[in-house]
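Peer 1: Letter by letter, the chains look like this.
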Amino acid sequence: MHATNIAPEPAAQGTDAPVDPRPRVIRASSALADRIFRGGSRLTGLLVFSIMGAIGLFLALRATEALRAVGLDFLTTAEWQPDVHRFGIAAVLTGTVLIALVAVSVSVPLATGTALFISEIAPTWLRQWLVSLVDLMAAVPSVVYGLWGLVFLEGSVIGLARWLATWFGWIPIFRVEGADPTDPLASASVFTASAFVAGLTVALMVAPIQCSVMREAFSQAPAGEREGAYALGATRWGMISSVVLPFGRGGMIGGTMLGLGRALGETIAVYMVISQVFEIQWHILRVGTNSVSSLIALRYGDASGFGLSALMAAGLALFVITLVVNFTASTIANRSRSGAQSEV
Amino acid sequence: MAIETKHQFGEHEREPVAVRPKVSTQIDVVPSVRPATGGGTVLPRELGPVPPRRQLGGVHRDELFNLLGAASTGLCVTILLFAWLAPFSGLIGFVVVAYVVFLAAYALLTALSADGPTVRDRIWTTVLWSAAAALFLGLFHVVGFTIWRGLPAMWHLNFFTEDLTTAGPLDPLSKGGVLHAVVGTLEMMTISLLITIPLGLACAVYLTQVGGRGSTLVRTIVEAMTALPSIVAGLFIYATLILILGFPQSGFAAATALSVMMLPIVIRAADVVLRLVPGGLREAAEALGAPRWRTVWYVVLPTARSGLVTSVILGAARGIGETSPVLLTAGYTTYLNANPIDGNQVSLPLLTFMLVRSGQPAYIQRGFGAAALLMAIVLALFVLARIFAGRAPGRVTARQARRLARQSARDEERMRRGGRYGLPGPAPGRDQQPDQQSVHLGDLP
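For the protein sequence lines, the chains are A and B, in the order given. Mapping of the first sequence onto full-length UniProt numbering: position 175 corresponds to residue 175, and the numbering continues sequentially without gaps. Mapping of the second sequence onto full-length UniProt numbering: position 117 corresponds to residue 117, and the numbering continues sequentially without gaps.
Chain A extracted, bound-state conformation:
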C-alpha cells in the first residue's frame, strides 16, 4: 500500500501567518511487493536493453576488424574475396538500393491509390473486408512472394521488360546491352533474374504494409474538414486533394519509408529471384544483380573467421541504412498531424 509521507506544512492559523513558498515535498514509500514489481520490470528493461545493445556492439566490433583491413575501399570495391582482403559493398549496395527503389516506385502509387480507395471510395460494406484483407496480405510470408517471383514472374515479366527496354531504352537505367529488340529469335534470358524482377516481387510484398499505414492515416482526416470542403462545393476528388492528402502526408511518408526499410532488408524473396553478380550493375532490366542480404545468405556457410566479420560489416552497413530510413520516417510521421498514431 502507498504510504504517502507529506512534509509537515507550516501551521496556517492566522491570516498573516508566513506562507512557505516552497512546494510541498511528497515522498512515496512503496510496499515490498511494489518495490519487487518495479525492480523486476526495470530488470527486464535492462535485460532487453543489454540484449539489443549486445547485438549492436557485437556487430560493430566484428565489423571493425574487417573494416580496418580494407579501410575506405570497403565502399568502392565491387568484388567479394575477403580471404585475399579484396572486398567491398559497392556492388551489393547498388543492387540493394536499386531493387528497393524499383519496389518502392511500383508499390507506392499502388498502395496510395488502394489506401485512398479503401478509406474514401469503397462502399461501406466492402471497406471492412478490404481492411482485413490488406492486413492479412501484409502477413503473408516473404518466401511465398519469392516462390511466385521465381516460378511465375521470371517467365512472364520478359514481355514487359522487353517492352520497357525497347521504348524507354534511351533512359540509361532501362538500357539493356546485348538485347536486340528487332530480332525475334534473340534469347530472352537477358531479361530474367534482374533487379527489375526482384523489385516487382518485393513491391507486391511491401505494398500491403504501406497501404495499411497510409489507410490508417487517411481515415483519421477530421470529418469537420471533409464536410467543410464539401460545403464549399468540392467534388470528392477536390475534398481528397485538399483535405485527406495534406492531412495524411505524414502517414504517406511514414508508410513509404517503412516499406523502403522492409525492401532494403528483404532476403529470401530477393535471393530466390536474382542471379548474383559481383559487379556494379546499373541496368535494372538486365540479368544479374545483388543485394547485401543475399550476399550474406550465399556466403555465410563457407566464410572463415575473417570472412564472417566482412559479412558482418556488410550487414552493419545495411542495418545503418535501414536505421536511418526508419528514424527519418518516424521523425517525419511524428511531426505531421496524422502520423503521430501510425505505427508498424
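Honestly, I wouldn't trust all of these hints.
[As the list claims (entries may be wrong)] To spell it out: a stretch of chain B is covered by chain A in this simulated footprint if at least three of its residues, at any positions, have a beta carbon under 8 Å from a beta carbon of chain A; those stretches are:
(1) 91 to 101
(2) 109 to 120
(3) 125 to 139
(4) 212 to 223
(5) 236 to 246
(6) 259 to 270
(7) 315 to 328
Since the hints were derived computationally from the structure, they do not count as laboratory data. Predicted model, so just to flag it, every value in this text is computed and none were measured. Cβ atoms here follow ideal geometry from the backbone N, Cα and C, with glycine treated the same way.
Take the given structure of chain A and dock chain B to it, following the hints.
Peer 2: Relative to chain A, chain B alone:
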C-alpha cells in the same frame, strides 16, 4: 425552422417568475403564421409537394454510358493501333495503351456534359479504382498461384504424416511429406514465444507503467532494433551461439534468432496498446489505494488484453514466415527430428526454399504445398488475432461482464460483512438499517 410555443397566462394563474424576453434567436421563417389567438403550438404552413430527392450516391446512367463508351473506345483504338497502324506488340503494351486511351476518352466524354472539377473527380475516381483493382489482383494472384500449385501435393494425406527421408526427387507425391518441417516450425515458434512473450510484455509494462530515466533509452534502442534486417539477426546468432559458444545448428538456435527478430516487434506493438489504456482507469485504481503492481495486474493488463494478444500473434505471424534466420541457424534435414536442442531441424519456409531451389519438379510441387500449408497457419493465426482484436480496450464480452458483476457482488457482500479489506466489523446500528448502504444517488431527497 422555428416552432413557436406561446403560453397564455390567465388571470387566475400567478405571475410568471421571469418572462423570457423576445430574443432574436428565433428566426421567423414562416411569416404567415396564424396569429396566436388560441395559444398552443403553431405549425408552419404547408410548403407544397415535396420535391424528389436528389440522388447523391451511386452511378448515374449517363456516367455508366460514358464509362462503357470510353472502355470500348480504348479497346478499339488500341486494337487498331496494334494490328494496323503501328509496330506495337506485347500484352503489357496493349494493356497500358488501352488504359491511357480509355482515360482520355472518358475525360472527353465527361467533359461534354460536366465542368472541370467534375471531370477531374471522375478521372481520379477511376484511377483509384484501377489502382486498388491492380494491387488486389496482384496479391490474389500471388496467393492463389501458390495455393493452386500446392494443391496436388496437399491432396495426399501422407503429405502431412510423413517426412522426406524416403522420398527422392523422382518419387511421386504419394510418398513422403513435410511432417518434419511442421514439427520444426511448431517447436521453433513455441520456444521463441516462450522467450518473447514474457520478456516482451514485461518490457512493454516497464516502458509504459514504470518508466523512469532509462525507459527512453530502452524505447529508442527497441525502436532501432525493429530496423534490424532478419538475416543480420540470424548472422549474429550464427556467429555467437554456433561459432563461438559451439552450440550445434538446431531448432533452439533458430528459435533464438527468431526471438531476437520478434522481440522488438512485440515490444513496440505492446507498448502502443498499453499506452491506449485510459489514464482514468489507472488513476481510479491508484486513488483507491492500489499499489502499482496491483494496478498493472488487475486494471491495465486486463484492459489491454485483446490488444496484447494481437501484438503477440502479429509478431508470431512475422516470425513463423521468416526464412533467413532459420537458414543460417537451423541447418536442414529431410528426417523428423523432434529434439530442438540437438541436431538439425527445418521449418516450413526453409523447407519451401530448399525444395524449390533444388529445381526438381516433384520437389518444387512439394515446396508449393509447404508454402500453402504455411499460409494456412498464418491465416489461422490472423483469424485468431482478429477475434481477439475485435474489441477495443476495456470492452468485455457478455460472459466477462457477468463474471465481473458476480465478482463485484461478492466484493460488496464481503465489504458489508467487514472482510479482509473491508471496514473493521459492522458498525452498531447498521444492522437495523441494512438498506442504508444501497441507497442510490437518485433516491436521495
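Peer 1: Against chain A, does the stretch 259 to 270 of chain B show at least 3 residues with beta-carbon separation below 8 Å?
Peer 2: holds (count 7)
Peer 1: Apply the coverage criterion to the stretch 315 to 328 of chain B and chain A: a residue qualifies when its Cβ sits closer than 8 Å to a Cβ of the chain, and three qualifying residues are needed.
Peer 2: n = 9 at 8 Å, threshold three: holds.
Peer 1: For the stretch 109 to 120 of chain B, count the residues whose Cβ lies under 8 Å from any Cβ of chain A; is that count three or more?
Peer 2: Coverage by chain A holds here, the residue count being 3 at a Cβ distance below 8 Å.
Peer 1: Confirm or reject the coverage of the stretch 212 to 223 of chain B by chain A under the rule of 3 or more residues with a beta carbon closer than 8 Å to the chain's beta carbons.
Peer 2: holds (count 8)
Peer 1: The stretch 91 to 101 of chain B covered by chain A? Criterion: 3 or more residues, Cβ-Cβ distance below 8 Å.
Peer 2: holds (count 3)
Peer 1: Can the stretch 125 to 139 of chain B be counted as covered by chain A under the rule of three residues or more with Cβ-Cβ separation shorter than 8 Å?
Peer 2: holds (count 12)
Peer 1: Is the listed coverage of the stretch 236 to 246 of chain B by chain A valid when you require three or more residues with a beta carbon under 8 Å from a beta carbon of that chain?
Peer 2: holds (count 5)
Against the hints set out earlier in the document, no violation occurs for any number.
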